[in-house]
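Q: What follows is the residue order along each chain.
Number of protein chains: 2
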Amino acid sequence: MKVLVLGGDGYLGWPQALYLSNRGFDVAVFDNLARRQFDLKHGFDSLLPIATLHQRIDRWRELTGKTIEHYHGDTRDYNALAHVLTEFQPDAIVHFAEQRSAPYSMIDREHALFSQENNVLGTLNLLYAMKEFTPDAHLVKLGTMGEYGTPNIEIEEGFIEIHHKGRSDKLPFPKQPGSFYHLSKVHDSNNILFCCKIWGLRATDLNQGIVYGAETLETDMDDLLATRFDYDQVYGTALNRFCVQAAYGFPLTIYGSGGQTRGYINVRDTVRCIELACLNPAKPGEFRVFNQITEWFSVADIANRVQKVAGEMGLTVDVDHLSNPRVESEEHFYSVKHTKLVELGLEPHLLDDDVIAGMIELAQHHRERIDPRLIKPTVNWRTHLNIVKEEPVFTTQVQ
Amino acid sequence: MKVLVLGGDGYLGWPQALYLSNRGFDVAVFDNLARRQFDLKHGFDSLLPIATLHQRIDRWRELTGKTIEHYHGDTRDYNALAHVLTEFQPDAIVHFAEQRSAPYSMIDREHALFSQENNVLGTLNLLYAMKEFTPDAHLVKLGTMGEYGTPNIEIEEGFIEIHHKGRSDKLPFPKQPGSFYHLSKVHDSNNILFCCKIWGLRATDLNQGIVYGAETLETDMDDLLATRFDYDQVYGTALNRFCVQAAYGFPLTIYGSGGQTRGYINVRDTVRCIELACLNPAKPGEFRVFNQITEWFSVADIANRVQKVAGEMGLTVDVDHLSNPRVESEEHFYSVKHTKLVELGLEPHLLDDDVIAGMIELAQHHRERIDPRLIKPTVNWRTHLNIVKEEPVFTTQVQ
Numbered sequence: 258m259k260v261l262v263l264g265g266d267g268y269l270g271w272p273q274a275l276y277l278s279n280r281g282f283d284v285a286v287f288d289n290l291a292r293r294q295f296d297l298k299h300g301f302d303s304l305l306p307i308a309t310l311h312q313r314i315d316r317w318r319e320l321t322g323k324t325i326e327h328y329h330g331d332t333r334d335y336n337a338l339a340h341v342l343t344e345f346q347p348d349a350i351v352h353f354a355e356q357r358s359a360p361y362s363m364i365d366r367e368h369a370l371f372s373q374e375n376n377v378l379g380t381l382n383l384l385y386a387m388k389e390f391t392p393d394a395h396l397v398k399l400g401t402m403g404e405y406g407t408p409n410i411e412i413e414e415g416f417i418e419i420h421h422k423g424r425s426d427k428l429p430f431p432k433q434p435g436s437f438y439h440l441s442k443v444h445d446s447n448n449i450l451f452c453c454k455i456w457g458l459r460a461t462d463l464n465q466g467i468v469y470g471a472e473t474l475e476t477d478m479d480d481l482l483a484t485r486f487d488y489d490q491v492y493g494t495a496l497n498r499f500c501v502q503a504a505y506g507f508p509l510t511i512y513g514s515g516g517q518t519r520g521y522i523n524v525r526d527t528v529r530c531i532e533l534a535c536l537n538p539a540k541p542g543e544f545r546v547f548n549q550i551t552e553w554f555s556v557a558d559i560a561n562r563v564q565k566v567a568g569e570m571g572l573t574v575d576v577d578h579l580s581n582p583r584v585e586s587e588e589h590f591y592s593v594k595h596t597k598l599v600e601l602g603l604e605p606h607l608l609d610d611d612v613i614a615g616m617i618e619l620a621q622h623h624r625e626r627i628d629p630r631l632i633k634p635t636v637n638w639r640t641h642l643n644i645v646k647e648e649p650v651f652t653t654q655v656q
Numbered sequence: 258m259k260v261l262v263l264g265g266d267g268y269l270g271w272p273q274a275l276y277l278s279n280r281g282f283d284v285a286v287f288d289n290l291a292r293r294q295f296d297l298k299h300g301f302d303s304l305l306p307i308a309t310l311h312q313r314i315d316r317w318r319e320l321t322g323k324t325i326e327h328y329h330g331d332t333r334d335y336n337a338l339a340h341v342l343t344e345f346q347p348d349a350i351v352h353f354a355e356q357r358s359a360p361y362s363m364i365d366r367e368h369a370l371f372s373q374e375n376n377v378l379g380t381l382n383l384l385y386a387m388k389e390f391t392p393d394a395h396l397v398k399l400g401t402m403g404e405y406g407t408p409n410i411e412i413e414e415g416f417i418e419i420h421h422k423g424r425s426d427k428l429p430f431p432k433q434p435g436s437f438y439h440l441s442k443v444h445d446s447n448n449i450l451f452c453c454k455i456w457g458l459r460a461t462d463l464n465q466g467i468v469y470g471a472e473t474l475e476t477d478m479d480d481l482l483a484t485r486f487d488y489d490q491v492y493g494t495a496l497n498r499f500c501v502q503a504a505y506g507f508p509l510t511i512y513g514s515g516g517q518t519r520g521y522i523n524v525r526d527t528v529r530c531i532e533l534a535c536l537n538p539a540k541p542g543e544f545r546v547f548n549q550i551t552e553w554f555s556v557a558d559i560a561n562r563v564q565k566v567a568g569e570m571g572l573t574v575d576v577d578h579l580s581n582p583r584v585e586s587e588e589h590f591y592s593v594k595h596t597k598l599v600e601l602g603l604e605p606h607l608l609d610d611d612v613i614a615g616m617i618e619l620a621q622h623h624r625e626r627i628d629p630r631l632i633k634p635t636v637n638w639r640t641h642l643n644i645v646k647e648e649p650v651f652t653t654q655v656q
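The listed protein sequences derive, respectively, from chains F and W. Position in the first sequence (from 1) plus 257 gives the number in the working numbering. Position in the second sequence (from 1) plus 257 gives the number in the working numbering.
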C-alpha cells in the first residue's frame with residue numbers, strides 16, 4: 258500500500274512516515290517545512306535536535322534499506338499537489354499538513370487568518386486534487402478532540418442520534434471549538450464530509466487528543482531519526498511541557514484552576530491508529546470519524562503526576578497556577594466515546610509513571626537546550642498580544 | 258442609530274440601505290462591486306436595469322434629502338475596514354458582503370476557493386476590525402437557512418437542547434450545508450460565535466430563507482432606485498426565476514422531483530427583519546440566531562402556483578423536470594421554528610397570487626432584457642463543469 262504523508266517532516270508526520278515505512282508500506286512525504294520556519298521566525302527550537310529532512314531520509318535508507326520519497330510542496334499550491342498525486346499515486350493520504358497550534362492561531366489577526374487560510378483552503382485544494390487525480394484514495398485527516406469543546410453530554414465519535422419533539426436523526430456532533438486553529442479543523446471536517454457526499458471521496462477524520470512523548474521504535478534507532486519535541490508556550494502541549502519544566506527546575510505552569518480535562522494519547526499509539534485507519538479504509542462516499550485518544554486527565558492531574566514522579570527522581574518541582582490566558586471552562590463534565598480504533602485493533606499504551614519518568618529523563622538529557630523564556634504564556638485569547646519583540650503589536654494604518 | 262451596510266450595492270443590500278435611510282437611520286454602504294463584476298465576467302445581467310451606486314445615492318438624496326455615505330472597499334482589506342469603522346463609527350454593521358450563490362461556488366475549484374476565502378477570511382477580518390475599532394457595535398450577519406440542510410427533526414433557531422444518555426446541554430444546532438457557499442456560511446457562524454465568546458462582541462446571525470421579489474416602498478419611488486433581479490441559473494433563486502420563465506414562455510425548470518422544501522421570505526420582510534435586529538441588539542458577548550423566513554414551500558408547489566397564476570394572466574406555461582444538478586434530498590421532512598423575529602414585531606407579507614402576478618408583470622415589463630441562454634443549469638455539483646466558454650475547464654499543469 259502506498260501512503261503519502263502530508264506534513265511528513267513534523268512532530269507526528271515524521272515518526273508516522275518511519276513507522277509506516279518500517280511496517281512495509283511505500284511511503285512518500287510532502288512538506289513545505291513551515292514548522293521549521295515558525296521556529297526561525299519566533300526563536301523557538303525543538304528540545305531534541307532534529308536533522309534536516311534530507312538527512313533523516315538518507316539515514317533511514319542507510320539503516321534499513323527502505324526508501325521514503327520526498328516532495329517539497331505546499332497544500333495551497335494546486336500544481337504541487339497535482340504533481341505528487343499523479344506521480345506517487347497514493348492509496349492513502351495521511352494529512353498532517355496544517356498549522357497545528359491553538360496559541361499560534363491566537364497571536365494576532367495575521368496568525369489567525371494564516372491558520373484558517375492555510376488549513377481550510379489548503380485542505381479544500383487537496384480535496385479537489387484528490388477528486389481530479391486519485392478519486393479512490395483514502396484521506397486520513399488529522400482533526401482534534403478540541404473540535405468538540407467540552408459539552409455537558411458524552412462526546413460521540415463524530416455523529417449523534419438526536420431525539421427531538423418526537424422525531425430523530427443521526428446528525429454531526431455539535432462542535433464548540435476554542436481557538437481559530439480549532440475552528441479551522443471544524444471547517445475542514447465540514448468541507449470533507451461534503452466532498453465525500455458529492456464526489457464519493459472516502460475519508461477518515463481522526464479527532465486526536467493531546468499527544469505526548471517523542472520516542473517510537475523507529476526514532477529510537479538513531480539520533481538522526483529523532484522527531485521534534487516542543488516545550489514552548491505555543492507548540493508545547495501540557496504533558497511534554499511539564500516534563501521539561503520538571504527537568505529544568507521551573508514550576509509547572511497550570512492555566513487557571515487546572516480542572517480542564519482533555520483526551521491524551523501516546524505518540525506510539527498515534528502512529529498505530531493511523532496505520533489501522535489506512536489498513537481499514539472508509540468506503541467510497543463515506544466520511545467516518547474516530548476519536549483518537551486512549552484516556553483523559555485534567556491538567557491538574559497531569560501536573561500532580563509529573564510532580565510526584567519527578568520527586569521520586571530526586572527533583573523538587575513546584576506547581577504554579579497562572580491566570581488562564583485562554584477562554585475555556587476550568588471545571589466541566591468530560592466523557593468521550595473512543596471504541597472504534599480499539600475495535601480495529603489498537604492496544605493502548607496508557608500513561609504510567611515509567612512513561613513520565615522516561616520523558617523527564619529525555620528532557621534532562623537535553624537540559625542545556627532548554628530556553629526558559631519560551632515557557633511562560635504571553636499569547637492571550639482576550640487581548641492577542643504578540644509574542645516576539647521583533648514584531649510590533651499589529652497597528653492599522655487608517656487610510 | 259448609525260448603520261453600516263456591507264455589500265450595500267447588492268440585491269438586498271441596496272434596498273436595505275434605502276429602507277433604513279427612509280426610516281431615519283444614518284446609513285453608510287461599503288461595497289467592492291464584486292457582484293457587478295461577476296455579471297461582466299460571466300455575461301449575466303439583472304432583469305431590471307440598475308443604476309450605478311453613485312447614481313442611486315444621488316437620486317435618493319434628490320428625492321428625499323437623505324444622504325447615504327458611500328465607501329468603496331473589500332472586507333479582505335483590513336485597512337479599508339479600519340477606515341470605514343473609525344470614520345463612520347457604526348452602531349450596527351449589517352453584513353451582506355459575501356459571495357452569495359451556491360451554484361457559483363460549485364463552478365470549479367477556483368470559484369469554490371474564492372467563495373470560502375472571500376466569505377470566511379473577509380468576515381474574520383471584519384471581526385478583528387470590530388474588536389479593534391468598534392467593539393460595542395452590533396454585527397447583523399446574513400446567514401442562510403441552507404446551513405441547516407434538511408434534518409429529520411425540527412430546525413430550531415441556532416441552538417438545540419440535546420438529551421443524551423441521561424445528561425443534557427444546549428448546543429449549536431448541527432449543520433449540514435449543501436454547497437461550498439453554504440459551508441462558508443457555517444464556517445462564518447462558528448467564527449462569529451467564538452469571537453462573541455472571547456471578545457464580548459455582540460452578533461445576530463440571520464439564517465435567511467430564499468428571498469423573492471424586487472420591489473420595496475423605496476425602490477418603487479424611482480427607476481434609478483431599482484435593485485437587481487436575477488433570473489439566471491447561478492444567481493436567480495427559484496421563485497424569481499420561475500416568474501421570469503413564465504413571462505418569457507420558457508418552461509419552469511424544476512431540478513429533480515421538486516420535493517425539495519425551503520423557507521421563503523419576501524424582500525419587504527427581509528428589510529424589516531434587519532431593522533428589527535438593529536433596533537433590538539444582541540447583548541455584549543451574545544451570539545443569537547434568528548431564522549429569517551415566513552413560510553416554506555416545495556419547489557414543485559412554487560412552480561404549480563406560478564403556472565396557475567400565469568394561466569389566469571393568459572400565459573401558457575409548461576413545467577420541466579430536469580435531472581437535478583445538485584446533490585440533495587428531493588423528498589424530506591421540513592419544519593422550522595421561526596418565532597423570534599415575529600416576537601420582535603415582524604408582520605409577514607405572505608406569498609399570495611397577487612405577489613406572484615406582480616412579479617410576472619415585472620418580468621413581462623422587462624421581457625426584452627431576458628436572455629434565455631442564462632436559464633438552464635450547467636453547473637453540476639458532481640462534475641463542476643465551467644459555465645462560460647471563454648474560461649476553459651480547469652486543467653492542471655503538472656510540474
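Hints are not guaranteed to be accurate.
In silico lysine-lysine, DSSO-like type, Cα no more than 27 Å apart, as pairs [stated by the list, open to error]: (1) F/Lys427 to W/Lys633; (2) F/Lys259 to F/Lys540; (3) F/Lys454 to W/Lys633; (4) F/Lys427 to W/Lys594.
Pair by pair, the computed Cβ-Cβ distance ranges are [as the list claims (entries may be wrong)]: (5) F/His622 to W/Glu543: 47 to 55 Å; (6) W/Asp558 to F/Thr635: 53 to 61 Å; (7) W/Thr596 to F/Glu543: 53 to 61 Å.
Read the hints as simulated data drawn from the structure, not as lab findings. Treat the numbers as computed from the prediction; the structure is a model and nothing was measured. Glycine included, every Cβ here is placed at the ideal spot set by N, Cα and C.
Q: If a hint holds in the structure, say so; if it does not, say that too.
A: Results for each hint:
| no. | hint | in the structure |
| --- | --- | --- |
| 1 | F/Lys427 to W/Lys633 | violated (35 Å) |
| 2 | F/Lys259 to F/Lys540 | holds (17 Å) |
| 3 | F/Lys454 to W/Lys633 | holds (24 Å) |
| 4 | F/Lys427 to W/Lys594 | holds (20 Å) |
| 5 | F/His622 to W/Glu543: 47 to 55 Å | holds (51 Å) |
| 6 | W/Asp558 to F/Thr635: 53 to 61 Å | holds (59 Å) |
| 7 | W/Thr596 to F/Glu543: 53 to 61 Å | violated (38 Å) |
In summary, the numbered hints that this structure violates are 1 and 7.
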